[in-house]
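Going down the list, the sequences are from chains A and B.
Under the numbering used here, residues 1 to 111 are what the first sequence spells out, in order.
Under the numbering used here, residues 1001 to 1115 are what the second sequence spells out, in order.
Think of the hints as simulated: they come from the structure by calculation, not from any bench.
No experiment lies behind these values; they were computed from the predicted model shown.
Here a beta-carbon is modelled for each residue, glycine too, at the ideal position from N, C-alpha and C.
Heads up, some of the hints might be wrong.
[Said to hold, decoys possible] If the Cβ cut is set under 8 Å, some of the chain B residues that face chain A in the computed set are:
# : residue
1 : T1048
2 : V1096
3 : Y1105
[Unchecked claim] Derived SDA-like pairs (lysine to any residue); straight-line CA-CA distance at most 20 Å:
# : chain 1 : residue 1 : chain 2 : residue 2
4 : A       : K98       : B       : G1016
5 : A       : K56       : A       : V70
6 : A       : K42       : B       : T1099
7 : B       : K1007     : A       : V70
8 : A       : K98       : B       : L1097
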Amino acid sequence: GESVGLHLPTLSVQEGDNSIINCAYSNSASDYFIWYKQESGKGPQFIIDIRSNMDKRQGQRVTVLLNKTVKHLSLQIAATQPGDSAVYFCAESSNTGKLIFGQGTTLQVKP
Amino acid sequence: SAVISQKPSRDICQRGTSLTIQCQVDSQVTMMFWYRQQPGQSLTLIATANQGSEATYESGFVIDKFPISRPNLTFSTLTVSNLSPEDSSIYLCSVVLGTATYEQYFGPGTRLTVT
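Okay, chain B solo, but in the shape it has when bound (with noise of 0.2 Å):
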């Protein structure tokens, strides 16, 4: 496996700001994706992040909402823009190690409260 942190762990924000979420990998990996956990729910994938081009966003997830970075092959960036209460969730990344598995990885998250 590898050692997946997000920083911040938690944040408390405003509605009508962003927060940017970073998740940093101790290797390089092949795929990186983003997930969002509302309270009490399962994992829903909000969009893959590729490295050196625009994420793929999932149905129901835009890009001006959920702007993704990933600059290289083991760090992604998720912003969460123009926040209201229902983005209070949990955010995680996720990686895949190689391309003989597809054995995906969770960080730990980042708790997100939007008042």
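Next comes chain A alone, as it looks inside the complex (with noise of 0.2 Å):
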């Protein structure tokens, strides 16, 4: 079946440094792609998307960048704060609305 999946169940960064946090999707009929912050006892927070016919999308200290070859999606955090700590969770859909979400990945900055 279809499945997003994530590489690392955890990263642990150094504050001030830049995070990457890695993610698979097996649809390749997905065009349109999602990265999810989640804080314990919140809802997932929208952080950037990014459509199929885009390799990569800048935000404020974010960037995705999309490998539809490999079926890769990465989230890169610059100057990793101690507030970026919190789940982050790739989601992916093909024009339907309807979300897939991988595992997440749990950020944990080091001051």
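Bring the two chains, given one by one in their own frames, into a single complex with the hints.
Okay, structure coming up:
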């Protein structure tokens, strides 16, 4: 079946360093991808999205890269801050609005 | 984005009872969805809440267990029926605001514990 998975369940980085969170997806028909941040006790917060006709999109301190050849998605966070500590989810969709979520990666930022 | 609220924020229910969760959005939205997030896990789509008609359920979820209403473009309810401890989860509603984008925003969630 379809699946979206993450390579690492936990990522620990030093404050100020860059973070890279990876995600693999299996449905080649997916054409829309979103990264979410979920803090404890809260709902997922939209970070950034990308359509399949792009391979890179930048936001404030975040960049999403899409490699359709190998069905890989990554989220890069520049100058990671303690407030970035959370669980990060990738999600995919194929023009239906319905999202399939990956497992989630916990980002821990060390001061 | 939109302001999405859910009620209740948390509840503790006895097995065999039901809980109805409300989702209210501060603007009209095109799509509304309900997800479940079991403890320590990712999100799984339960159903698409269709305005004025029956919800569309994903595999493994049925209307008798998870009846959904969406009477208008800003409000939806999810009922979790005949509760068992396995239903202990966070239940989240999400919305897609327009037709030109699939950006999807989530409510704060309802944490359900079944004893």
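Hints and how they fare:
Interface restraint check for T1048 of chain B: the shortest CB-CB distance to chain A comes to about 7 Å, inside 8 Å, so the restraint holds. Of the supplied interface hints, the one on V1096 of chain B holds, with its beta-carbon coming within about 5 Å of a beta-carbon of chain A, less than 8 Å. Among the interface hints, the one on Y1105 of chain B holds; its C-beta lies about 6 Å from the nearest C-beta in chain A, closer than the 8 Å criterion. Between the alpha carbons of K98 of chain A and G1016 of chain B the distance comes to roughly 30 Å, so the proposed pair goes past 20 Å and is violated.
With a C-alpha separation of about 15 Å, the suggested pair K56 of chain A and V70 of chain A falls inside the 20 Å cut-off, and the hint holds. A threshold of 20 Å between alpha carbons decides the hint, and for K42 of chain A with T1099 of chain B the separation of about 26 Å lies outside it, so the pair is violated. Our distance criterion of 20 Å between C-alpha atoms is broken by K1007 of chain B and V70 of chain A, whose separation comes to about 42 Å. With a C-alpha separation of about 13 Å, the suggested pairing of K98 of chain A with L1097 of chain B holds against the 20 Å cut-off.
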